[in-house]
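Please build the complete structure, drawing on both the sequences and the hints.
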Amino acid sequence: DTGVSQDPRHKITKRGQNVTFRCDPISEHNRLYWYRQTLGQGPEFLTYFQNEAQLEKSRLLSDRFSAERPKGSFSTLEIQRTEQGDSAMYLCASSLVGWSRGSMNTEAFFGQGTRLTVV
Amino acid sequence: GEDVEQSLFLSVREGDSSVINCTYTDSSSTYLYWYKQEPGAGLQLLTYIFSNMDMKQDQRLTVLLNKKDKHLSLRIADTQTGDSAIYFCAETSGYSSASKIIFGSGTRLSIRP
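So the protein sequences, as listed, match chains A and B. Once you know that position 67 of the first sequence is 117 in this note's numbering, the rest is easy, because the numbers rise by one and skip nothing. Once you know that position 96 of the second sequence is 175 in this note's numbering, the rest is easy, because the numbers rise by one and skip nothing.
Rather than coming from a laboratory, the hints here were simulated on the basis of the structure. All C-beta atoms, glycine included, are put in the ideal place defined by N, C-alpha and C. Treat each hint with caution, since some may be false.
Residues of chain B placed beyond 10 Å of chain A at every Cβ, according to the derived structure [stated by the list, open to error]:
#1 91
#2 105
#3 133
#4 135
#5 147
#6 148
#7 149
#8 162
#9 178
#10 179
#11 180
#12 184
#13 192
Pulled from the structure, derived: some chain B residues nowhere near chain A, Cβ distances all over 12 Å [stated by the list, open to error]:
#14 81
#15 123
#16 141
#17 157
#18 181
SDA-like cross-link-like pairs, simulated, lysine to any residue; straight-line CA separation at most 25 Å [what the hints assert, rightly or not]:
#19 A:107 <-> B:135
#20 B:115 <-> A:69
#21 B:115 <-> A:122
#22 B:115 <-> A:94
#23 B:115 <-> A:74
#24 B:115 <-> A:113
#25 B:115 <-> A:139
#26 B:115 <-> A:130
#27 B:135 <-> A:69
#28 B:146 <-> A:148
#29 B:135 <-> A:157
#30 A:107 <-> B:178
#31 A:61 <-> B:118
So, in structure tokens, the structure goes:
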């Protein structure tokens, strides 16, 4: 399977615990995004990377959230001291951004997501 | 700031055309997208349009863009039961290097027999 892979698919944690999610993008994709989706809502932007550089982080994002992409390939999203409001589906996407055949190649491919439940 | 708005629900009869509408606020939007999400499945890109285009057609799908009014629509011809899903409008800005992708809340399309 050469798509975007996320691990784990499901995570149940107690309030106050830390959790870490992993995303493996499509090979050679230079752009990686993290989104959060709750029931009945569209994906909410969290942060994105161009290679290993974190280019933007949502201003609405708590300091308890941190993401890394140390070698420009896989990425991790950590949530410290989880709260019940953090319960959501966490989505990762990757794309190859750059000019090719006259287009910018901005198609983002999404993974299946990690469903977090904080109890 | 950037914002993308969609109506929440649409119900159409099987075989009719579906038209899903979207408005956005970012005047520097360069690419606009339609994604499809089926129950329990990931987001799938259906089609996209560059901001210098008015229309794009791809088989049963027609995308219309009114840049002046910042209005985007997706028309699905001959709607089938397999088209039941949530459809998300999304946009990104920037030419040399696309920025983040902003999504609407999604329109749930249901098909009546």
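Provide an ascending list of the numbers of those earlier hints which the structure does not satisfy.
9, 10, 11, 12, 14, 15, 18, 19, 20, 21, 24, 26 and 27
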